[in-house]
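Colleague: Listed below, chain by chain, are the residues.
Number of protein chains: 2
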Amino acid sequence: MGNEEQDELPLIFIQRLPQFNLPPIFTSRLQTLFRLIDPASQSHSHSEESLSVVRALLCLDPAPLHSQTLDLLPSLQCVVATSSGVDHIDLAECRRRRIAVANAGPAFAADVAEYAVALLIDVLRRLSASHRYVRAGLWPLNGDYSLGSKLSGKRVGIVGLGYIGSEVAKRLQAFGCSISYLSRKKKAHVPFLIMQMLAISKMTVTFSLFVVLTNETYHLINKDVMTALGKKGVIINIARGAVVDEKELVQFLVQGHIGGAGLDVFENEPDVPKELFELDNVVLSPHKAVATPESLESLLEVNIANLEAFFSNKPLLSPIDLE
Amino acid sequence: MGNEEQDELPLIFIQRLPQFNLPPIFTSRLQTLFRLIDPASQSHSHSEESLSVVRALLCLDPAPLHSQTLDLLPSLQCVVATSSGVDHIDLAECRRRRIAVANAGPAFAADVAEYAVALLIDVLRRLSASHRYVRAGLWPLNGDYSLGSKLSGKRVGIVGLGYIGSEVAKRLQAFGCSISYLSRKKKAHVPFLIMQMLAISKMTVTFSLFVVLTNETYHLINKDVMTALGKKGVIINIARGAVVDEKELVQFLVQGHIGGAGLDVFENEPDVPKELFELDNVVLSPHKAVATPESLESLLEVNIANLEAFFSNKPLLSPIDLE
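Sequence order for the protein chains is F and R.
The first sequence begins at 1 in our numbering and counts up one residue at a time.
The second sequence begins at 1 in our numbering and counts up one residue at a time.
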């Protein structure tokens, strides 16, 4: 492509931490469509002038996006995030400045949903724990491993019935599970029961979280919810660590007041409470529910679709509701 | 119940290993419907005469049932097994003596199916392996765990589309998977593709086994099948260990010629090939896919339904085809 044609491509500001590079497939594809301003790159240079006219920004999770950066970009109108969660972006400030925000939308939904289902079955059926039992050579010595509990046919609660929660619900229906959900608004056309938090906790044996972390959802799963969930209840968290009061959860698990947990996210990643390491009813995963080679390609498509929609004055594909 | 009424209840011979007792819920429920002859019990006594008239036998997995026992029971007409697999029962001898055999039928199907799905996602997404990574304290030291591979939308092969295979297929459809299957007969009314072994191995990325172990299915999954399956292929075995040529599988896994394996069963249980212990693409489980408290109750119902059908001259609920 000649310099002249290049100059006509829209500008995109890349907000990232220096240690998190754009995946190579992103860079090469994005460069065919946009001119990239990447201040975190050592080899990159850009003019003050280009910053003053840039209208769209791609924000790589987990790089924060706060007013200092927004102040540099007076023409910014659109932020596209590479993640489902957008708690690293100052949404209040974006709303104030009338900057639209789009997240990863449906890009990861199937990847995260299948991982959530596996975590749930793993906790209930003690799959990881029985694998450790075999690896430790205990099967010939101690005989049968203890029974787990069945998922199929059980009542499952889903907190947040967005892209991901809906994909989980669809899968669990095929396991004969009946689904109750908690959401800000009742969803049309779903055969599931909307319920309040404590009601859902009392009625369901398992409980999966797919909400975006905001001030409203911080420690949404607190002591009262865990008490209502009780000894047969299992919490699956693949949203954000701080949606659950982690200290309380550790206490409930250590004291056996809750049935188990499958956790892909934690309040202070990569630190995981060590008390959980020895519990056979807990499955710990290093924040990787979204991560497959397939989801990366899918993410690239959703990010590009949002950016192209913005530059064509069309509605964003997966806008975040900032109201 | 008076002795007289008791005497009118049909006799059931219990075939079991001394170390495997009938679960208490079985004993109490069965005793309301049948008189039990339990030679493995130390406290039990029975007459030669009762053996000569007993018409039905309950065979507790893994107790073998061969001609020595059948010789003791000249009036035997029906064997009801507590397992899906019936390789511990001499089926040829049963056929010769015109003894009908029923297995656990649908009792475990949902339990096994959900376990198989979890094994499959675990292997593809490296769930157990990433859990070990967290427990070993490696997350803060080494950063992100490597990507797994997505299940949703992939092509899955199922060997044996009986009770269990059908339940697995139903669940995987909700993951957007397309299903190919191998079976002795084409199934009516299923939206799945019937294929030959090598064709199915070449076309699918994962491969799950739910066949009964017989002379025909011994080492059904051999070197040729594994070669066709290739480096992206994953084998899930929750049927019987000997359906797979285990020595070959270990070689394929150790040399990286196959993508991974999720194994609930092994050729010489409880011995598991130690070469598999250190592989992160292998999930090992101690033959527990069927085992939940719920499945035990369900099994009791199926066993009783078969016995009652036999004594009422009705067709068995879950007969094994002995032809």
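Watch out, some of these pointers could steer you wrong.
To be verified - With a cut-off of at most 16 Å between alpha-carbon atoms, the simulated EDC-like pairs for lysine to aspartate or glutamate come out as follows:
no. : chain 1 : residue 1 : chain 2 : residue 2
1   : R       : K170      : R       : D144
2   : R       : K185      : R       : E216
3   : R       : K231      : R       : E216
4   : F       : K154      : R       : E216
5   : F       : K247      : F       : E275
6   : F       : K232      : R       : E248
7   : R       : K247      : R       : D271
8   : R       : K247      : R       : E275
9   : R       : K274      : R       : E294
10  : R       : K154      : F       : D87
11  : F       : K274      : F       : E294
12  : R       : K232      : F       : E294
Unchecked claim - With the C-beta cut set under 7 Å, the calculated list includes, among others, these residues of chain R facing chain F:
no. : residue
13  : H131
14  : G241
15  : I304
Simulated from the structure, these hints should not be mistaken for laboratory data.
Note that CB positions come from ideal geometry on N, CA and C, so glycine has one too.
Colleague: Now look at each hint and say whether the structure bears it out.
Modeller: For each hint, the structure was consulted:
1. R/K170 - R/D144: Since the Cα atoms of R/K170 and R/D144 sit roughly 34 Å apart, the hinted pair is violated (cutoff 16 Å).
2. R/K185 - R/E216: 15 Å, holds
3. R/K231 - R/E216: Judged against 16 Å, a Cα distance of about 27 Å means the pair is violated.
4. F/K154 - R/E216: At roughly 37 Å apart (the allowed maximum being 16 Å), R/E216 and F/K154 break the hint.
5. F/K247 - F/E275: Judged against 16 Å, a Cα distance of about 10 Å means the pair holds.
6. F/K232 - R/E248: It is violated: about 42 Å lies between the C-alpha atoms, which goes past 16 Å.
7. R/K247 - R/D271: 13 Å, holds
8. R/K247 - R/E275: 10 Å, holds
9. R/K274 - R/E294: 32 Å, violated
10. R/K154 - F/D87: With Cα atoms ~32 Å apart, R/K154 and F/D87 exceed 16 Å; violated.
11. F/K274 - F/E294: Given that 16 Å is the threshold and the Cα spacing comes to 32 Å, the pair is violated.
12. R/K232 - F/E294: Cα-Cα ~14 Å, so holds.
13. H131: 5 Å, holds
14. G241: This interface hint is violated because 13 Å lies over the 7 Å limit.
15. I304: R/I304 check fails; min Cβ-Cβ to chain F is 20 Å, beyond 7 Å.
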